[in-house]
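Participant: When we follow our numbering, the leftmost residue of the sequence shown carries the number 1, and every step to the right adds one.
None of these hints come from the bench; they were simulated from the model.
Possibly wrong hints are sitting among the right ones.
[As the list claims (entries may be wrong)] Cut-off 20 Å, straight-line C-alpha distance, at most; resulting in silico cross-link-like pairs (SDA-like, lysine to any residue):
id, residue 1, residue 2
1, Lys196, Ser237
2, Lys130, Gly60
3, Lys196, Asn132
4, Lys111, Ser169
5, Lys196, Lys111
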Amino acid sequence: MKKINIVKKGKKHLSQSVFLFPSLFTIASMYCAFFSIASSVEGKLSRAALYIGFSIILDGLDGRIARALNAHTEIGLQLDSLADIIAFGVAPSILIYYWAFHPYYGGYYSKAGFLAAFLFLMCSAVRLAKFNIISTLTDKRFFIGLPTPASAGVIAALVHYYPQPLKASYASLTAIVLLIILSFLMVSKIKYFSFKSINLRSQKSYFYIIAIAVIIASILTFSQIALISLATIYLLSGIIMRLFGLQQKQPSPSAIIQEKKIGTPSSPHT
């Protein structure tokens, strides 16, 4: 009997460990974000951009691991949201401020850049809060609005491409415009591919594996050009689909919630 109890306790601890495992990746992402912030303050901008990239990778892994292990927990979801606002809101805002505006400290561009960086942070928070509410009500193939890891990735890719602090006023003005565009896209209704529909066990798995291998090889060989190209392509993809009418309309989240309350079936997502 004692042996059976020991086995049961062992299984219970193992089960708890499985649920905690995805959160380790979330905490690691948070650590990378904090390290990025510290690096920005120290003026080590290239390293700061690199650690935002690490946060993006870890953020992608924790969700997939949680789904693979069926280890979703409420505390894990809340922790993930808090880590995301640090990694994809605070860290990139501080990075771009020190990269594009800090050299003009006290001047017009510094003040305008500070407000633009805060706008980016605020829209990141709104985007994450919005995602927490509507994520179960929308087509899993798409994100509604530019996802925060992608917007942070654009900033990190730019700094990685040119890690020296900007000295020209026109460059800082361009950075302000970029922050405004990214902020708008995050809270917009423009749809972006989520890549959640990719199934490596499908008939197209070889194509996906080859594409992933080419992307990884490109990043390892030509990291600066590859990353800035990937960030730009993804940033423009949603806008191009919207302009050419490639994004089919779907019911708004508020309409779906209202339909569920009155018990009528909602329209299928597309």
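Participant: Each hint needs a verdict: does it hold in this structure or not?
Facilitator: Cross-check of the supplied hints:
| no. | hint | in the structure |
| --- | --- | --- |
| 1 | Lys196 / Ser237 | holds (16 Å) |
| 2 | Lys130 / Gly60 | holds (19 Å) |
| 3 | Lys196 / Asn132 | holds (17 Å) |
| 4 | Lys111 / Ser169 | holds (13 Å) |
| 5 | Lys196 / Lys111 | violated (40 Å) |
In the structure shown, a violation is registered for the earlier hint numbered 5 alone.
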